[in-house]
Amino acid sequence: MKYSKNWDLKAIQRGLGILAILLAGWVAVTGLLATFYLVPSTEKAYESIRFLRTRVFLGDAIVSIHAWGAALLILVSLLFLLIILLRRKYLERPKVWIWAVLGFFLLMNQDLTGRILPFHQTAYWQVTRSLEALSFIPVWGPFLRWITQSLHGITQWTYLRFYVLHLLILPGALGALLWCCWKGWAQEIRENTFSGSRAEVASRIAEWALLSLAFLATLALVFPPRYGRPVDVLHPYEGAKAVWYLVPYHSIARFLPASLGGGILAAMLFTLFLIPWIDGGKRPTLAKVWMIAVVVLYGLLILIGG
Amino acid sequence: MTRRGFLQWLHRFVWGAWGFFGLILLGRYLTPGERRRGLLQHVAKADEIPVGESRLVYYEDQPVLLIHYKENQWVALSAICTHLRCGLSWNRESERITCPCHGATYDLNGNVLSGPAPRPLPRFHPYLRNGFIFLERIA
Ligand code: HEM
Ligand code: FES
Chain A
0 MKYSKNWDLK AIQRGLGILA ILLAGWVAVT GLLATFYLVP STEKAYESIR
50 FLRTRVFLGD AIVSIHAWGA ALLILVSLLF LLIILLRRKY LERPKVWIWA
100 VLGFFLLMNQ DLTGRILPFH QTAYWQVTRS LEALSFIPVW GPFLRWITQS
150 LHGITQWTYL RFYVLHLLIL PGALGALLWC CWKGWAQEIR ENTFSGSRAE
200 VASRIAEWAL LSLAFLATLA LVFPPRYGRP VDVLHPYEGA KAVWYLVPYH
250 SIARFLPASL GGGILAAMLF TLFLIPWIDG GKRPTLAKVW MIAVVVLYGL
300 LILIGG
Chain B
0 MTRRGFLQWL HRFVWGAWGF FGLILLGRYL TPGERRRGLL QHVAKADEIP
50 VGESRLVYYE DQPVLLIHYK ENQWVALSAI CTHLRCGLSW NRESERITCP
100 CHGATYDLNG NVLSGPAPRP LPRFHPYLRN GFIFLERIA
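Chains A and B are the protein sequences, given in the same order.
0 is the number of the first residue of the first sequence in numbering that gives the first Met the number 0; add one for each residue after it.
0 is the number of the first residue of the second sequence in numbering that gives the first Met the number 0; add one for each residue after it.
Just so you know, these hints were derived from the structure itself, not from any lab.
C-beta: ideal position from N, C-alpha, C; glycine also.
Treat each hint with caution, since some may be false.
[What the hints assert, rightly or not] Computed beta-carbon distance windows for the label pairs:
#, chain 1, residue 1, chain 2, residue 2, range
1, A, F56, B, L112, 54 to 60 Å
2, B, Q7, A, N191, 41 to 47 Å
3, A, I301, B, P119, 30 to 36 Å
4, B, R118, A, F56, 47 to 53 Å
[As the list claims (entries may be wrong)] Here are some chain A residues the structure puts well away from chain B; computed CB gaps all over 12 Å:
#, residue
5, K9
6, A70
7, L74
8, R87
9, F103
10, N191
11, R197
12, A216
13, R228
[As the list claims (entries may be wrong)] Beyond 12 Å from chain B on every Cβ pair, some chain A residues (computed):
#, residue
14, T34
15, L84
16, C180
17, I204
18, A265
All chains, full assembly: derive it from the sequences and hints.
Here's what the structure looks like:
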């Protein structure tokens, strides 16, 4: 096999694609299993998750695998997108790029809406700070705050809407996207990654699926996710922060008026969405510099913290 | 414009208008606040709170400070500081609402008197009926 830099990135990207699909599968399965126990009420959710995690056979493993699977899925998807950017693959298939970015955006919302569900102190305040950060994002912020009825803070109305979004609407939208727009892509990844007869391919995929489950289970056992105290709406804990991808909207408020900073940041991210047309193949260096600048700035703002 | 062209146009227009109004209906369905305005919620028994005292009550999960500041005079304000959302308390001596976290103070109208709070406190209408206090959200 001849070594070439291009080939490497391509292989990595395919591997990440497969990994993302497997992780999404496990997250969906464990999420579905958790729904048998979660009571979607601000009064009962905490106790129900506690029951699930302490009394139900494998309950803690299910919850932990869901949380770890979600975190890794986001990491893998992020790397996948970054590699597409680096390879400038979006030029060949601008449409697929649009769907991919839209999918990542939906995934972020899936993550955010999941965070409130265990309804412990840390979750409550993390989501409260996240909703504050969201209020600085034009268009999407007001929309999400309206659709989740969270203007007066997190109430039963908000909880139920997060629940419906997390369990029904967003998975539905992501599933539809997967079905209509990435089917061909997934097919191609699979065909180029595994070769052999149907049965061979199936057994390789099964092997990978089991391996990823074993890895998730190990992570879940060694580092179970936080298991907070009950919510205390009167006492924020010291240093409560928004979820990482919303932290920049708080940190930029140190330098600019919050809504202005939020608008600028959101607009910069939006240019990544439009990059196939901005790049256009004419000024590759400029496009690359811009992309890297946006990603680095966002990363720096996360590090600075709100 | 031919008859056919016109019908086609009409067809699209009707579907479009229908979709648009459908969205408006859906939007209103998803906004319970509109209907909830004027909704009274029972939160306390009046004789349990002596004059000068206050109590923390809940209006749809929202913590509210119910203050009996003079004989039969009640005030109800959100009990959550508009700075970083710490729980507030009523200070009888200074007749102020104070925040334990970074020291914001508010008056009985919910206006900010000092400290880092960016906005006044949301207010509620207290009603006394048959010895019970009911609250209604304002706006
Ligand atoms: C595919 C993307 C998904 C992501 C990124 C995601 C993310 C999350 C996160 C971060 C939590 C909070 C976990 C914790 O803090 O302990 C959570 C909880 C939950 N999710 Fe998901 N989720 C996804 C899909 C699903 C699906 C498809 C379902 C069900 C149909 C589901 C059902 C649940 C339930 C019931 C909980 C609450 C119980 C728990 O804490 O595990 N999730 N999710
Ligand atoms: S939270 Fe009340 S002053 Fe900061």
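Note to self: If we take the beta carbon of C180(A), is the closest beta carbon in chain B still more than 12 Å away?
What the structure shows: holds, 23 Å
Check: Hey, does R228(A) actually stay past 12 Å from chain B on C-beta?
Finding: Per Cβ check, R228(A) is outside 12 Å of chain B; nearest 16 Å; holds.
Checklist line | Cβ separation check - R197(A) to all of chain B, threshold 12 Å | finding: holds, 44 Å
Notebook entry, point to check: Does the hinted range 41 to 47 Å hold for Q7(B) and N191(A) at CB?
Noted result: holds, 46 Å
Next item on the list: Please settle this one: L84(A) was flagged as non-interface, so is its CB more than 12 Å from every CB on chain B?
Entry: holds, 35 Å
Next item on the list: Quick one: work out the minimum CB distance from T34(A) to chain B and report holds if it exceeds 12 Å, violated otherwise.
Entry: holds, 22 Å
Check: Does the claim that K9(A) lies off the interface hold, with its Cβ farther than 12 Å from every Cβ of chain B?
Finding: holds, 43 Å
Notebook entry, point to check: Do the beta carbons of I301(A) and P119(B) sit within 30 to 36 Å of each other?
Noted result: Holds, since I301(A) and P119(B) (Cβ atoms, about 33 Å apart) stay within the stated range.
Check: If you check the beta carbons of F56(A) and L112(B), does the distance land in 54 to 60 Å?
Finding: holds, 56 Å
Checklist line | Closest CB of chain B to the CB of F103(A) still more than 12 Å away | finding: holds, 25 Å
Next item on the list: May I ask you to check that L74(A) keeps its beta-carbon over 12 Å from the closest beta-carbon of chain B?
Entry: Per Cβ check, L74(A) is outside 12 Å of chain B; nearest 30 Å; holds.
Check: Taking the closest pair, is the beta carbon of A216(A) still more than 12 Å from chain B?
Finding: The claim holds: A216(A) sits with its nearest Cβ about 36 Å from chain B, beyond 12 Å.
Hint compliance for this structure: no hint is broken.
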